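Trainee: Listed below are the residues making up each chain.
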Amino acid sequence: MTALEELISLAKQNPNPTVAAWKNEGKKIVGYWCSYIPRELLHAAGLFPYRIKGVGAEGTTRADVYMAAVCNCSYSRAILDLALNGTYDFLDGLIGMNECDHGRRAHEIWVKKKGVPFDHFLFVPHKSDDMTLREFEKELLKLKVHLESRFHTFVTDENLLNSIRIYNENRALLKSLQENMQENAPRIKGSEMHDVVVAGESTPPEQYNRLLRRLAEELENRPPLADYRARIFIYGWTGDDSSFYKIVEDVGGLVVADNCCFGTREFWDPIHVDGDPLSGLAASYLNRLPCPRMIDGFNNRFQNLQEMASAFRVDGILVTRQQFCDLHGVEAFFLKKREKELGVPFSAPLIQEYVGQDAGRLKTRIEAFIEQLER
Amino acid sequence: MTSKRDIIFKEFDFSKKPELKTDLLHTIQQAIKSAVSQRDPAMQWIWQPSINAIDDMCAAAEDPTDVVLIGFSLAPEMIYAMGLKPVCPEGLSFLCPTEYLIPYIDESHKAFIPDHLCSFLSGSIGMAISNAIPKPVAIVHTSQPCDNSLAQSTALADFYGVEPYIIDSPYYDNDEAYDYFTAQIKEGFRYLEQMTGKKLDIDRFREVMERSQRAHELVHEINELKKKKPCPIPTGAILRQVSIGMYGQTGSEHLVRWLEKHLEDARERARKGIGGQHEEKIRTAWIYAWPSFEWTVYDWLGKKYGAIPVIFQASEYFYTPKSSGDFDELCRSLAIRILSCPMGRSSRGHLDYFVRDSAYWCKEWSIDAAIFAGHLQCKANWSVAQITKEVLMDELGVPLLSFVVDALDPRVTSTEQMLGYLEPFLEMVAENKQLEQIG
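Those sequence lines, one after another, are chains U and S.
At position 269 of the first sequence the residue is numbered 269 (this note's numbering), and the sequence of numbers has no breaks.
At position 221 of the second sequence the residue is numbered 221 (this note's numbering), and the sequence of numbers has no breaks.
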């Protein structure tokens with residue numbers, strides 16, 4: 001199996017085979033909801049940080065008893081459904097946070113109705129300044145102490161710095177892969193890149209780094225992708241499913257970059273430590289390329305969008321969001337006001353459902369958008 | 001439209017393209033005063049908070065140099081303390097007659113505001129982009145109660161090009177959380193001074209907080225009296241007026257005066273052992289939203305079933321601190337006051353707040369039936385409805401009806417459709433009550 005095939009396979013299974021391997025060694029796995037939860041801290045505690053995903057969900061029937069299909073996002077409901085049907089029973093703990101109303105409530109319902117062996121809720125501030133940074137440091141300290149107490153471990157500065165180094169290597173390798181797509185004829189597709197990122201969220205990082213290094217070598221022998229109609233940037237997808245990217249590719253687009261949850265936002269900025277590693281972790285997470293949950297983040301995202309659109313020679317931006325996502329939803333309002341300044345055409349928002357995706361409708365609209373770009 | 005019931009509901013015709021009113025505030029003011037003037041003169045005082053709210057906003061619009069846009073779950077005390085004028089855009093969405101509000105909701109969607117954003121908020125954004133509300137000199141919001149509110153605050157700030165100050169609400173309720181919020185309130189005052197050129201007057205802050213404290217104490221006394229049977233309130237509509245006052249006017253003298261009158265009326269009714277205009281047979285708790293596009297429906301339910309609203313989430317306040325007058329303690333009191341406002345408390349934190357508060361009200365106020373009128377775009381609270389239903393039935397034997405509605409927009413669930421949910425439910429409750437009495 002090539003490294004890419006192995007990574008895509010890891011992305012498409014939930015749980016994936018690394019879980020069984022880890023458990024067989026008698027080690028613990030802790031699930032986490034959102035990329036604002038520092039995996040490094042869990043890893044430094046000797047745990048396998050496993051990002052909760054909706055992969056494998058066949059519906060949301062169980063979750064819909066507790067969450068409303070009329071207004072709660074199908075991604076959170078899919079995850080909750082998996083939890084309620086026992087898919088996540090392998091977890092030794094779960095870290096929730098206030099990423100959004102849907103995820104937060106899904107976490108609370110999961111803990112209440114199904115139960116987890118260990119549960120911690122991490123409050124992450126919605127803005128980034130000195131005061132909120134101090135607050136976030138306190139929150140991370142509480143998490144650290146709770147993990148140490150529950151799992152009879154001790155997170156030293158040394159092992160935290162080591163974990164940061166390992167995950168920074170993840171980020172650097174991913175960034176290098178992404179930068180390959182700045183080429184006229186890149187050697188990896190956007191959908192493949194998305195799957196690669198998803199795989200990394202629930203694979204032990206040391207193993208993941210080995211796979212990424214192999215992938216980088218293998219890419220040199222892959223045929224370049226030169227036959228495409230437009231270079232596309234995807235803005236706003238929050239799910240772990242790459243089918244949207246594939247729809248773009250099916251109609252001749254090439255996804256070269258994105259600003260998505262399981263995308264560049266995950267790995268674009270490394271963790272910087274200048275002194276205390278926990279403080280460095282807090283500062284880096286709070287100040288990284290922000291998600292729309294961060295009140296004060298749009299200007300950063302917009303600047304990043306402009307820079308990436310230029311560096312990746314983007315022809316058009318597909319603005320999308322998960323149905324019922326208010327935080328991503330209002331991004332289109334901001335972009336519309338800055339249309340001229342952006343200088344790159346962008347689509348009207350394309351609404352997606354994680355479960356029950358209407359691929360035909362999306363394909364029609366994406367194709368129409370690409371045709372417009374070609375004129 | 002005359003339904004098969006002997007009651008006439010409002011008729012809405014959205015097939016015509018209604019106009020956006022640029023003199024919206026005065027349009028709302030006239031509509032409210034006209035509606036109130038048609039009521040029994042002896043009861044008109046009940047709607048004074050609505051009149052005060054719109055009068056204040058109209059006065060603010062006349063001289064917008066001191067206007068501060070605030071979120072509805074940010075206490076106006078902060079703005080009053082600075083001698084500034086608070087304008088709450090989502091409060092306008094609520095006060096606005098339905099036929100004038102709908103075009104603003106639709107206008108916001110044209111500007112790429114998602115249609116699943118709460119209509120209170122999308123309506124207010126529509127008003128802003130149509131220049132129907134005054135451009136503020138500052139914007140102060142909180143991140144509570146939900147993502148909708150966060151999205152709206154950033155959208156308004158971006159539209160106006162005004163740097164906002166958004167206070168990040170904590171998840172928990174403990175001293176650390178209060179410290180976090182208090183520190184931001186202090187920073188918020190610095191922001192307001194910087195944006196407006198005005199200085200905080202500590203004496204005025206103290207007076208405002210004393211009036212706010214008094215308002216909370218009055219509400220507490222009124223709510224305690226509501227435990228009596230029959231519930232000593234003139235009409236369920238007064239619960240909504242309490243919420244309008246307590247969300248948007250705490251710290252003002254006129255709210256204190258109104259609450260004193262409300263308390264006096266409630267005491268008199270309690271002393272005489274009387275309730276409102278309909279005989280009380282079923283005590284109801286509206287544990288979340290209260291659709292406001294057609295108020296006659298609540299009178300109809302009172303008349304037909306004796307279904308009297310005793311509890312309405314937005315009028316049920318918990319708050320205790322007494323401020324000492326020291327700046328730090330005043331800010332801390334204000335922090336706790338803001339965090340304990342009903343929707344902030346129940347939506348920003350763990351779902352248990354919503355569940356346990358609902359159970360507390362149903363138990364202590366002897367509720368026969370609970371109603372969750374689920375505002376369509378409310379993600380945080382819709383995901384608590386089922387658990388609340390289970391708890392109320394398991395612990396108290398109180399049935400809960402939940403249905404989808406947009407509290408402001410009858411296009412989602414019309415009045416007729418609402419009754420289609422409510423009537424069978426209340427019939428079931430009435431039947432069970434008779435069976436209990438027989439048994």
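Some hints here could point you the wrong way.
To be verified - Here are the simulated lysine-lysine pairs, BS3-like style, with alpha carbons at most 27 Å apart: (1) S:LYS110 to S:LYS198; (2) U:LYS336 to S:LYS21; (3) S:LYS363 to S:LYS227; (4) S:LYS363 to U:LYS127; (5) S:LYS433 to U:LYS336; (6) S:LYS110 to U:LYS336; (7) U:LYS142 to S:LYS135.
Claimed, not checked - Over 10 Å on every C-beta distance to chain U, these chain S residues come out as not near it, computed from the model: (8) PRO114; (9) HIS116; (10) GLU176; (11) TYR178; (12) GLY197; (13) HIS254; (14) ARG267; (15) ARG271; (16) ILE282; (17) LYS304; (18) LYS379.
Treat the hints as calculated values from the structure; they're not laboratory data.
Every value quoted in this text rests on a predicted model; they were computed, and no experiment measured them.
C-beta: ideal position from N, C-alpha, C; glycine also.
Trainee: Next, verify each hint and record whether it holds.
Mentor: Cross-check of the supplied hints:
The suggested pairing of LYS110 of chain S with LYS198 of chain S is violated, with an alpha-carbon distance near 37 Å, which exceeds 27 Å. At most 27 Å may separate the alpha-carbon atoms for a hinted pair to count; LYS336 of chain U and LYS21 of chain S meet this at roughly 24 Å. With a CA separation close to 10 Å, the supplied pair LYS363 of chain S and LYS227 of chain S stays within the 27 Å bound. For the given pair, LYS363 of chain S sits about 39 Å from LYS127 of chain U by alpha-carbon distance, which is inconsistent with the 27 Å threshold.
Between LYS433 of chain S and LYS336 of chain U the CA atoms are separated by roughly 56 Å; this puts the pair beyond 27 Å, and the hint is violated. A threshold of 27 Å between alpha carbons decides the hint, and for LYS110 of chain S with LYS336 of chain U the separation of about 11 Å falls inside it, so the pair holds. Taken as a hint, the LYS142 of chain U and LYS135 of chain S pair is broken in the structure, with Cα atoms around 43 Å apart against an allowance of 27 Å. Some Cβ of chain U comes within 10 Å of the Cβ of PRO114 of chain S; the nearest lies about 3 Å off, and the non-interface call is violated.
At roughly 5 Å from the closest C-beta of chain U, the C-beta of HIS116 of chain S falls inside 10 Å, breaking its exclusion from the interface. Remark: the non-interface label on GLU176 of chain S conflicts with the geometry, its nearest Cβ contact in chain U lying 8 Å away (cut-off 10 Å). No beta-carbon of chain U is positioned within 10 Å of the beta-carbon of TYR178 of chain S; the least distance is around 12 Å. With a closest Cβ-Cβ approach of about 23 Å to chain U, GLY197 of chain S is found to remain outside the 10 Å limit, as its non-interface label requires.
With a minimum CB-CB distance of about 33 Å to chain U, HIS254 of chain S clears the 10 Å threshold, and the non-interface call stands. Every CB of chain U is more than 10 Å from the CB of ARG267 of chain S (nearest about 40 Å), matching its label as outside the interface. No Cβ of chain U approaches the Cβ of ARG271 of chain S within 10 Å, the least distance being about 44 Å, so the stated non-interface status holds. Every Cβ of chain U is farther than 10 Å from the Cβ of ILE282 of chain S; the closest lies at roughly 26 Å, confirming the non-interface assignment.
Every CB of chain U lies more than 10 Å from the CB of LYS304 of chain S, the least distance being 28 Å, so the non-interface label holds. The non-interface label for LYS379 of chain S is inconsistent with chain U: the shortest C-beta to C-beta separation is roughly 4 Å, within 10 Å.
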